[in-house]
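Undergrad: For reference, the chains in residue letters:
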Amino acid sequence: MDYDSCNTDLHLGEKTFQLSCHNFIQHSKAIGDGWVWESIEATNEGYMKKVLLKMKNAFGYTIPEQQKIVNEKTYRQEFEVQDTMDLEEIDISSIDLSGREMIRFEYHVVYSSSYQVPVLYFRACDIDGRPLTLEEIWQSVQENYKERLLEGPWETITQQEHPLLGQPFFILHPCRTHELMTPILKGAREEKQSVNYITAWLSMMGPVLGLNLPISYTTATSAQQLD
Amino acid sequence: MADDKDVLRDVWFGRIPTCFTLYQEEVTEREADPYYLLLPRVSYLTLVTDKVKKHFQKVMKPEDIGEMWFEYEGTPLKWHYPIGLLFDLHASHTALPWSITVHFKDFPEKDLLHCPSNSVIEAHFMSSIKEADALKHKGQVINEMQKKDHKQLWMGLQNDKFDQFWAINRKLMEYPAEEGGFRYIPFRIYQTVSERPFIQKLFRPITAEGQPHTLIDLLKEVSPFAVSQGGGEKKYQVVIHGIEPMLETPVQWLSEHLSYPDNFLHISVIPISTD
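Line order of the protein sequences matches chains E and R.
Quick note: the first sequence, position 57, residue 57 per the UniProt record's numbering, numbers continuous.
Quick note: the second sequence, position 184, residue 184 per the UniProt record's numbering, numbers continuous.
Hints are not guaranteed to be accurate.
As the list claims (entries may be wrong) - In silico DMTMM-like links for lysine to aspartate or glutamate, alpha-carbon gap of 20 Å or less:
no.: 1; chain 1: R; residue 1: LYS138; chain 2: R; residue 2: GLU179
no.: 2; chain 1: E; residue 1: LYS15; chain 2: E; residue 2: GLU106
no.: 3; chain 1: E; residue 1: LYS49; chain 2: R; residue 2: GLU195
no.: 4; chain 1: R; residue 1: LYS201; chain 2: E; residue 2: GLU41
no.: 5; chain 1: R; residue 1: LYS110; chain 2: E; residue 2: GLU14
no.: 6; chain 1: R; residue 1: LYS130; chain 2: E; residue 2: GLU106
no.: 7; chain 1: R; residue 1: LYS58; chain 2: R; residue 2: GLU26
no.: 8; chain 1: R; residue 1: LYS110; chain 2: E; residue 2: ASP126
no.: 9; chain 1: R; residue 1: LYS110; chain 2: E; residue 2: ASP128
no.: 10; chain 1: E; residue 1: LYS15; chain 2: R; residue 2: GLU221
no.: 11; chain 1: R; residue 1: LYS110; chain 2: E; residue 2: GLU106
no.: 12; chain 1: R; residue 1: LYS201; chain 2: E; residue 2: GLU14
Said to hold, decoys possible - So, partial list: chain R residues that the calculated Cβ filter (under 8 Å) puts toward chain E:
no.: 13; residue: PRO76
no.: 14; residue: ASP106
no.: 15; residue: LYS110
no.: 16; residue: LEU112
no.: 17; residue: LEU113
no.: 18; residue: HIS114
no.: 19; residue: SER117
no.: 20; residue: SER127
no.: 21; residue: LYS130
no.: 22; residue: GLU131
no.: 23; residue: ARG196
no.: 24; residue: PRO197
no.: 25; residue: GLN200
no.: 26; residue: LYS201
no.: 27; residue: LEU202
no.: 28; residue: PRO250
Unchecked claim - If you only want the chain R side, here are some residues facing chain E, beta carbon under 7 Å, derived:
no.: 29; residue: GLU67
no.: 30; residue: ALA134
no.: 31; residue: LEU135
In short, the hints are calculated from the structure, not lab data.
We put the beta carbon where it would ideally sit given N, CA and C, even for glycine.
Isolated chain R (complex conformation):
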């Protein structure tokens, strides 16, 4: 478990170098310099960009400032997706830093959820943890926790405190020894080529014979297009936290160690570029 804790820390402290640029048609009183920031992979755009907002608001009049939203190459970025997922899904094949355009006008109502305050992010985050626990333990672990434990999960994420977060989260990663794993694995599989935002189904970590299911078992059942058949040429990368795990990795281990703080395994299926 000592080695596994290193994995947890590497995931928690994952960073993405990012350059924020104000949209050219925003009305400014003077030129707006770009803002550079190391974004935490496991957090949410609207939770970690207060400084970005303040930076650009300094060159704008109050009447020109609406709800801030972000866009990458024409795609509005969903703040409720973890930052690392957004990068893996939309930008992992491009040069660093990640170039994000900042907008204050024309909020895309049909694409993005509103995010008026941090309490909305907290509600979304806790809702995701609750859903993940419904899959893993029928919701029993999260429901038996006290409110202060829920608060500690949120404060750990908000303040980037690994030990504070994992003091509570480790309970959500436990399971009875006789069962060999969670009831179901909380996962979502994303691909930009589909209109559907993600694929989410019930999937057990252990076979009926008691063998561990692997990542390739999951993909074959849920996203068969993502794995090449009969030794054909590989067409897709399967990316979690910016890396391609071996397809033989047990999904129970992945769920315990490569999930995001919301306790979901967010898996990106990315077409391999031919450049």
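So here's chain E without its partners, still in its complex pose:
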């Protein structure tokens, strides 16, 4: 793996980031989980992306175990939306939402060269394209993570500019990702096991924002990993 040679410094290089994402996306395609790679034109950079549509009801956002989560492709299939239409152009009057709002969550996994870790960028809007506020986003955070997030100023959700798109997104600040990932990487190395950084990291960070990984990612992406 492309880690710094120093034992105490297990940073993620950008090439390894891209390779890990590639392997992650391969499995995502295999199980229809909706992650894709978005390239930046005229560069060798890009980011991993997933769009989720979630129902919102009077009690806040429904969590995956209680309500069907549909990715964008499934959504189009279910409501017979033509592929050529942008989501924003869908005629919502033809959709029976049973009085509940549909919220479009967009997740990006972007490499930070400063911290040499992946960063989870996300934003959400309603069916009319109105962006959700920070307070509304906060509702989507799992209850048991809120306390942890509120403990430290570095670990909260903030609005920031997406470094590749220049648009407002929310992020979980990456400054402690390395600290959290080091024991996992060390443990895997000592056990002579492969670990896909993105899978391990997203398994840990994703649930904060209602982004849960099927368990099959662990075995599938580890098997593909190069040593």
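We have chain E already, so just place chain R on it with the hints.
TA: Then chain R, alone, in the frame of chain E:
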């Protein structure tokens, strides 16, 4: 270092004459006079415009006042970019004063971050310093500081106190003598012609042979389009704090002396106008 401190002061006290005008379609009870202000280059729009807000709110009804935002010739101005960077990038080729339009309605959600309070600016500022230190010292210097030192950096910026700020910031500008410079240089290169907001990559200040990297080395590696090849006609200006440094300037020196208070070297690449 005495001469270099003069450079630090000149950068810190850089000012931009600015005229704030209320957007013509804002609803007012009477005509709103323009508001003139010398803006500090190194600070942030939303941090230094309380008087502007109060000035225009006097002629408006409470129900017509939303979050204040700024625009220059149709471009919303990102408050989280330092003021000097915004001017260099968008307005440096136009006549002074800088004409900024003030809005209170129709906040452009897809272009601008919200700025509900000064604590949001502080969080952004400290986050930038922390990121810069991650590049320079693996975050060790900023993490070993006490909270009161972080606070002093912020208060120095907020209150425009050069000595207060640099009493702490000088620690962030140090490096072991044997290494000859920072681990990586915190820089961002901006150009309006690109959809991407800025270019940021890892770049070391010293070559493998121990020679200092220069500004042109940085540009050739990261933004080759910005430097003319083979003596061709110059197409772009490379601007930091409103000036064009010689391309032979060592990037380590630039990082120590021409960085903004967030410890980043914000470099604008501006097409040369043909007027």
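Undergrad: If a hint holds in the structure, say so; if it doesn't, say that too.
TA: Each hint, compared with the structure:
no. : hint                : verdict
1   : R/LYS138 - R/GLU179 : holds (14 Å)
2   : E/LYS15 - E/GLU106  : violated (24 Å)
3   : E/LYS49 - R/GLU195  : holds (19 Å)
4   : R/LYS201 - E/GLU41  : holds (17 Å)
5   : R/LYS110 - E/GLU14  : violated (28 Å)
6   : R/LYS130 - E/GLU106 : violated (27 Å)
7   : R/LYS58 - R/GLU26   : holds (13 Å)
8   : R/LYS110 - E/ASP126 : holds (14 Å)
9   : R/LYS110 - E/ASP128 : holds (14 Å)
10  : E/LYS15 - R/GLU221  : holds (18 Å)
11  : R/LYS110 - E/GLU106 : holds (14 Å)
12  : R/LYS201 - E/GLU14  : holds (10 Å)
13  : PRO76               : violated (11 Å)
14  : ASP106              : violated (13 Å)
15  : LYS110              : holds (6 Å)
16  : LEU112              : holds (7 Å)
17  : LEU113              : holds (5 Å)
18  : HIS114              : holds (6 Å)
19  : SER117              : violated (12 Å)
20  : SER127              : holds (7 Å)
21  : LYS130              : holds (6 Å)
22  : GLU131              : holds (5 Å)
23  : ARG196              : holds (6 Å)
24  : PRO197              : holds (4 Å)
25  : GLN200              : holds (6 Å)
26  : LYS201              : holds (6 Å)
27  : LEU202              : holds (5 Å)
28  : PRO250              : violated (21 Å)
29  : GLU67               : violated (11 Å)
30  : ALA134              : holds (5 Å)
31  : LEU135              : holds (5 Å)
The structure shown violates the earlier hints numbered 2, 5, 6, 13, 14, 19, 28, 29.
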